[in-house]
Every structure is written in C-alpha cells, then in structure tokens.
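A.B. asks: Using the sequences plus the hints, can you model the full thing?
Number of protein chains: 2
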Amino acid sequence: MARDERGVTAQSEDFAAWYNEVVFKAGLVDRGPAKGTMVIRPYGYRLWELLQSEIDGRIKATGHENAYFPLLIPESYLSREAEHVEGFSPELAVVTHAGGKELEEALVVRPTSETIIGEMMAKWISSHRDLPLLLNQWANVVRWELRPRMFLRTTEFLWQEGHTAHIDEGDARRETMLALDLYHEVARDLAAMPVVAGEKTPGERFAGAVATFTIEAMMRDGRALQSGTSHYMGTNFATAFDIRFTGESGREELCHTTSWGMSTRMIGGIVMTHGDDKGLVFPPRLAPHQVVIVPITRGGSAAVEEAAQQLAQRLRAAGVRTHVDARPQLTPGFKYNDWEMRGVPIRLELGPRDLEAGTAMMVKRLGDEGKQAVAIDSLPTVLPGILDEFQEYLLARATKFRDEHTRVVDTWDEFAAAVSTGWALALHCGTPACEDDIKAVTAATPRCIPLEGDPTAGACVRCGAASAYGKRVIFGRAY
Amino acid sequence: MARDERGVTAQSEDFAAWYNEVVFKAGLVDRGPAKGTMVIRPYGYRLWELLQSEIDGRIKATGHENAYFPLLIPESYLSREAEHVEGFSPELAVVTHAGGKELEEALVVRPTSETIIGEMMAKWISSHRDLPLLLNQWANVVRWELRPRMFLRTTEFLWQEGHTAHIDEGDARRETMLALDLYHEVARDLAAMPVVAGEKTPGERFAGAVATFTIEAMMRDGRALQSGTSHYMGTNFATAFDIRFTGESGREELCHTTSWGMSTRMIGGIVMTHGDDKGLVFPPRLAPHQVVIVPITRGGSAAVEEAAQQLAQRLRAAGVRTHVDARPQLTPGFKYNDWEMRGVPIRLELGPRDLEAGTAMMVKRLGDEGKQAVAIDSLPTVLPGILDEFQEYLLARATKFRDEHTRVVDTWDEFAAAVSTGWALALHCGTPACEDDIKAVTAATPRCIPLEGDPTAGACVRCGAASAYGKRVIFGRAY
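If you read the sequences in order, they're chains A and B.
Residue numbers for the first sequence follow the numbering used here, beginning at 417 and rising by one.
Residue numbers for the second sequence follow the numbering used here, beginning at 417 and rising by one.
None of these hints come from the bench; they were simulated from the model.
Values in this document were obtained by computation on a predicted structure and should not be read as measured data.
Wrong hints could be hidden among the right ones.
Copies of the same chain look alike in the list, so a pair counts if it fits in one copy or across any two.
25 Å max Cα-Cα, derived PhoX-like pairs, lysine-lysine [claimed, not checked]:
no., residue 1, residue 2
1, K539, K441
2, K816, K751
3, K539, K451
4, K694, K441
5, K441, K476
6, K887, K694
7, K476, K887
8, K816, K780
9, K855, K539
10, K539, K751
C.D. replies: See the structure below:
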C-alpha cells in the first residue's frame, strides 16, 4: 500500500502540521509543480462542485447571469484604477511571449476581473434600461503567492466573481449586501460555518473599493478566515473604464458598480472549522459521500456485497449520497479509519450476522454515540433526518467554539490574551498606523466591524484615542 | 436604441460575414482586448452551460471523476514528449515574470493538460488496483491564434478534457471509443448535428497520439468542423512521465493513456449547422430560451402582461425554458425579429384579443407553417412534444443537407467539384505528401476515415497509387 497508515498529528500539538497532513492524506489536494499551485483531486473537487452548484443556484435565483471573460488582460488595463494596480501589482503573473514572439504589450493573467469586465460594461451599457447589469463568472485566477498554503493561499484558485453595474449608490449598496447575505447563508447553512458578517476597516479594503464587506469564520486554532467578500466600488471603476448611462432625464451619468467573490478557499475553511484529531469532518450538505457502507466479507461473501450495493441504491433513491467501499485488498478496520480520516458523516458496517438480523451497524463520524444497530429497511427513511441533525450539530458546535474563543476586551493585556487564542472585540481609533502597530506586536488584524455589533464608544484599546465606527471591532490573527 | 435593426448578410452572399454578424448581433459573444480572445456573453454562456451539464452527466455516469489541475505548466514538461512539444510550441503563451521577478523557469499557460496530468498520474498510480484511472477536467486553455474566429479558433477557449490511464491497449482503446461515442451522441441528440465518426489520418493526428478519432460535422457552407476528438496515446505519455503500475504478477508495466475533449467550438458548430438568413436557429434541447412570449400591450395592458407571466410559469413548471419579453420600449414587431435572429425555437404572441379567445399565436422559428392559434390551456401539455418535433426536424434537415453535399468520387475533377461545395468520399494513398498536395490545390484535407465506411480499395484519387485504409476517406475544407 502506498498510503501511510498512521494517523495525523494532533491539532493541539501542531495545527498547521495537522492541516497540511489531512488535506493531502484525505486525497483533497496535491501540490502542483509551479510555485504555490495546487491540484484539486476528485474528492476535493466533488465538494467544490456541490458548493458551486448551491452558490450558482442562488446567484441565478437573484437575477444574475453567468458569462465568461478572457483570462489574459492587457497590462495597461490594471493601471487605469490607481489603487487597484497598486494592490495587485506584486502578485501578477505576466505573459510576455506568445505565438513564438515577444508581445508588444504584456498580458497579465487575471488576478480578478474588474478591469476587463469594466471595459465590456462600458460597451454594453448605454441607457438606464440596461441597468442593473448583473453578471457572474466562474473562473480561475492567479495571484503569485510567496507563502502558499493549500486552498487558503495558492497561486491559482477557483472562484466565482460577481460584477454588477447600477443606476445609483442605493441600488449598488443593496446589491453589495445581497451578495454578502448570500455568502452568509451559504457558509452557515451548507458549510455549517457560523461566520460573522461585517465591514472591513479602510486599511483592509479591496484595492479600488469604497467599502468592503466580509464574512469571517473562526478556525479551530482560533484564527480567522476571510471566507467571502463583497465590495461597493462607488464610481471608481466606472470612472476608470467610462461606464456611463443616459438617465431617464437624458443626462449622462456614471454607473455605481459592485463585485463579490467566494472561492476554493472555503474548502480549507470547512476542514479547519470541523476537523479533529482523526482527520476531516464534512458537513453532510457538502460531503461528497454522506454515507459509506463497509461490507464485512471475510473470505468474500457475495451475499453481503450484494446487500451493500442494494442498500446503497435504496439510499441513493432517498437522496443520500452513498458510497460502497468494496476494495477487496483492505480490511474493514483499515476502511473505518480511512473514512473517518476522510470525514464521511455516517458509516454503515454490514456483515453476515447483521444481514441475518436485518440490521446494519451505524457509526457517526464524531464517534460519541458508539455503534448502533439500525434496521436496514428503516435506513432510507431515517438517514436523511440523521444527516440533518449531524449538520445542525456541527453548526452548533462551531458556534459554541467561536463564542468561547471571542472576548469583549477593554485593556491591552486582555486584548493580547484574547487574540492569542481567538478573537477580541475591542474599541479602536480606526487609524491605519494604530492597526499596523497592533499587527506588529500581536499579529492580529481588524477582521471586521460586525454589522450586528451594539453601538458603543470609548478609548482605543491600543492608543487610547477616541474610538471610531461607533461599535467594537473584531480583531484576530488570520489566514 | 444601440442595436442595429437591420438584418444580417445572407448566407449565400457571404457565409463568413453572416457568421460574424450573427454571433455578435445575437449577443453570443464579444471581442476580448487581447488578440483572438473572446467574451462569452450570457446568452452564449447559457447554451454552453446546458451543453456542459449534459456532457458532465454522461462523463460521470460512465465512472469518470472531475478534478482540477494547474493552469501554469513548467516549460520543460512539454518537451518531454517530442511530438507533443513540436505540435504545440508555436501556439504557446508564456509567463516569464511573476510576483515582480523574472522566473527561473518560464511557465506555459496550458494549451492542453496531458503533461501535467501525466506527472500526477505517475504519482497516484502504483498498483493495477489503481487502474483504470478515469479523470476529467473542465477548464480554459490558451493556444495563440493568428487568424481567430469567434468560438471556432480563439486564443482562449473553454472545454472539458478527459484523461485516463489503463492496464493495457485493449482497455485504453475501449475508453477512446467510449468517449467518441459520447461525443457522437451529444452532437446528434442535443446539438442536432449529424456528425460522422472516424479516425484521423496520421498527418492529422493529435501531437503525441498513436490514434486520433474525431466527429466531423458539416456546416451550411459545406465546410467541415472537427467537433470533438478522442486520442489513444499508447504508452507515449506513460514513457515520457513514467506512469507505471505493478501488475498482478508483480511486474512493473507502463500504462496506456487516452485523452479526449469537446469545447466551446460546439457553439460555433450549432450556429453554422442550423442558422439561416434570419439568424440563429437553436435546437430546443440546448436553446437558452425554448419559448419566448411576446405580450402585445398597446398602451400597456396589465392583464396581458400578467397573463404572459402566468403562462410562462405554467410552461416552466412543465419543464419548458420560457422567457417573457416585457421590454416596454420596444414594439412587438421588433421583438419578433429580434428573437428570430436569436434563434428561439417557438414564439408565442399574446394580445388582448387572443386573451379573450383563450389562445396564443404560435410561430415556429423556421416560419414555414405561419401563425397558428393554440389554446393557452393546452400549451403546457403540447409544447414539449412540439419542441421534440422541432429538434428532430433540425437533425433530419441537417442530415439531408450533409448527404446532399457529400459525394462518392473516383476522378480528380469530381473530387475538386465535391470539395468546393461539401465533402468528397475518395480513395487515398495515405501518404502525407499527397495529402499536402491536395490541400495546396483545393484547400481540402482528410477529415476522417469513417468508422462505418464500407470496405473498398483501388487507386488514389490524386496520385493513382494504391489506396490505404481499406475504405474511402472523407475530404473537405475545414474550419
């Protein structure tokens, strides 16, 4: 066997090592040859497809249409929006030669598509009747990474990027929040990630945005993961790309634009929100296999294998994603460990004696209830509910963990202690210099100003100046 | 109005101009800024999504799994297979700078992924139990185009590429044919394109393949469009990338690999197979809108608009993709022309008098049956069947066109005449020099040796030498 049969490093011992081992050993990912690139293996890609299909359905249901824009963008496009080029320049991959010749103008591999989509919007929009223009693209993007981490920071990743143009600020801001809500729901209801929605401070804004909103998740090491962002661009890109419309009054005006994205980074978020020392724990609604059946066939029992396949078919007909592990060369014990490590929510063990009794042994991934004998005939009826409960349990557990690792702090010592294990809710003066100072000392950054935070004011936890934003800010170390 | 209200150039007048006008005017595509790139607009992308979902379902149903491999490939990878690098070198886009620095080794933007997937297969396969390895990827690829044509030849296009590894030649060849059959069915049953399946002659093989199979479609100007290809690679890539397995006997052996792809080129194929002088004609099974309802609301009749929306909902519930054109600023006549140009199979006109009579006026895209009054209440029941008939009619019409433009020829004069308007079925000696000669004189190339051709032999239609292949070859000018 090529597989390493040992387990993974304990989370408490070395969380980073645990993460790296588990994403590789579980067959989610492999390293690509070019710096920081990744191969998403079938087991990881299936999870992405399930997530993608849910996001895509929600994007379409809210009136957006998919389109596809070119990968290669003239270098000069990026320079048209000054903050945008400054933000992305260090991360660009640049095509200088093509078709056997040096190009007159170099092309960048898209790090994001505001510029090229802005150029097309300018062409397609002429009247207020063309607005809102609600576009979305599923695509790969490239941002050169010096310190890559699989799924979290990779040179190439997959995402959707919504790009919309609107008649005024009000409509564009509504869209920005609609996308943020969509991400919030996807994270909570599908990934069982209890994210906090909020606005980024000016220092953490997207390059070129007037306002950036985010959903922030807490990983099991207490760090934050920015899991989706939605930007109100004001008229910045409309000015740079000349996106104008003739209003009802006949006057020409600039559009207000937005953009918003969610990426394969979510896979890393799911791993680090729910995983434990045995490996992955996948939320049922996104698990590639919700149930794995392990037939116990000492010496090869055709009856047991057949019963396993029949049960699988009945479960699939009941809408349960079911896999039968029929690998002849492996022991049941090996398979139990393997599927635990790979995060399958429910395991069903089926041996000759179970078959005689008309039952299967059910084991939930968290293992806290031991093995239960369940009547085979009842499984198609009861499993969907058991999976729903498992999904709810994961969300509740992650919410509890997040709340236990989030502290309201008013002194610097409390702040430093809080961000060493989780998040601090603190008053802050809002100046970039003070943010930088905090980061230098604690590695913590402002994650967001929570939308649902209570109004309050006082002295900055670091410098003592008057607080900004009218509410507390979440600080934490982040991925 | 920004839209140009004039029609399109007649096909008979200038087919290339017709094509170019129609793909832009119908809103399928726009030009990207970098040479030969395209923007796939929502109306074109929706068709691609429908095709994609059908292909993806069939790929999964035959046991393949999706994965994702990096866009950027070290330049040296391509050189490992000598024919492969020779075939693709002239078309490569090369990243020489990234992250603000010159790279030690340049990266090519994938023109296809045999090399990088070969490298990973070598890592993942160790035993015969790992075979067959059946992978598929949905991705963008870049091949620098000097003479781009939207959808047909563009610098960047979207496709799926299947890559599989097998225990022996027999199994790999079965896979090659399985993929070819899948493409054949997709083209025939969804795109209503009566393609011919066959093998490419050695001069037309994929760079690095032992055998290349293709489906060839005939466009309405008589030219051929290669619409999907499936390659048996022998052990060429397995040798180059060291893809080996230990057999049951314990001996180490090379895998036999395949690859196969279908792309956004199919959109161009659909346009040129079914379109006419009024514009596009979409086969119902892939049409973004199968039915468009045009409410006739002189002075704005709320009742008519409401009835149109209600009818649309009932049709959607019956599985019919239905669009209501409620644009207030346009006349019904403009909308009729617009949707005819955009290829919608069925138009329903609904005015106040129709509503009173409980009917809608139905007009089929080909317009050959005029307008028919149909009871509104019957539409959800009868329309699916009408769309099926329309689909079948398009396939029958295209088959008739293809057969009328394909001639069995035995003399050079007949050959030259046949390839000026369509395809020639001719005996050929099989030498590349003679193929080149034919191409130089007539612009025709061997499209394929049809799988279903009758056995025959004789003198080469061009040089008189003994014929090869044991059957006639299809020659034609091609896109």
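A.B. asks: Each hint needs a verdict: does it hold in this structure or not?
C.D. replies: Results of checking the hints against the structure:
1. K539 with K441: Classified as between: cross-chain Cα gap 13 Å, same-chain 48 Å, threshold 25 Å.
2. K816 with K751: neither (31 Å within a copy, 57 Å between copies)
3. K539 with K451: For K539 and K451, only the inter-copy Cα distance (18 Å) is at most 25 Å; the intra-copy one is 37 Å.
4. K694 with K441: Answer is within; shortest intra-copy Cα gap is 12 Å, inter-copy 57 Å.
5. K441 with K476: Between. Shortest inter-copy distance 24 Å satisfies the 25 Å Cα cut-off; intra-copy 35 Å does not.
6. K887 with K694: Neither: 40 Å inside a copy, 61 Å across copies.
7. K476 with K887: neither (35 Å within a copy, 51 Å between copies)
8. K816 with K780: within (20 Å within a copy, 60 Å between copies)
9. K855 with K539: Neither: 43 Å inside a copy, 41 Å across copies.
10. K539 with K751: The answer is between: 22 Å across copies meets 25 Å, while 57 Å in one copy does not.
Of the numbered hints listed earlier, those contradicted by the structure are 2, 6, 7, 9.
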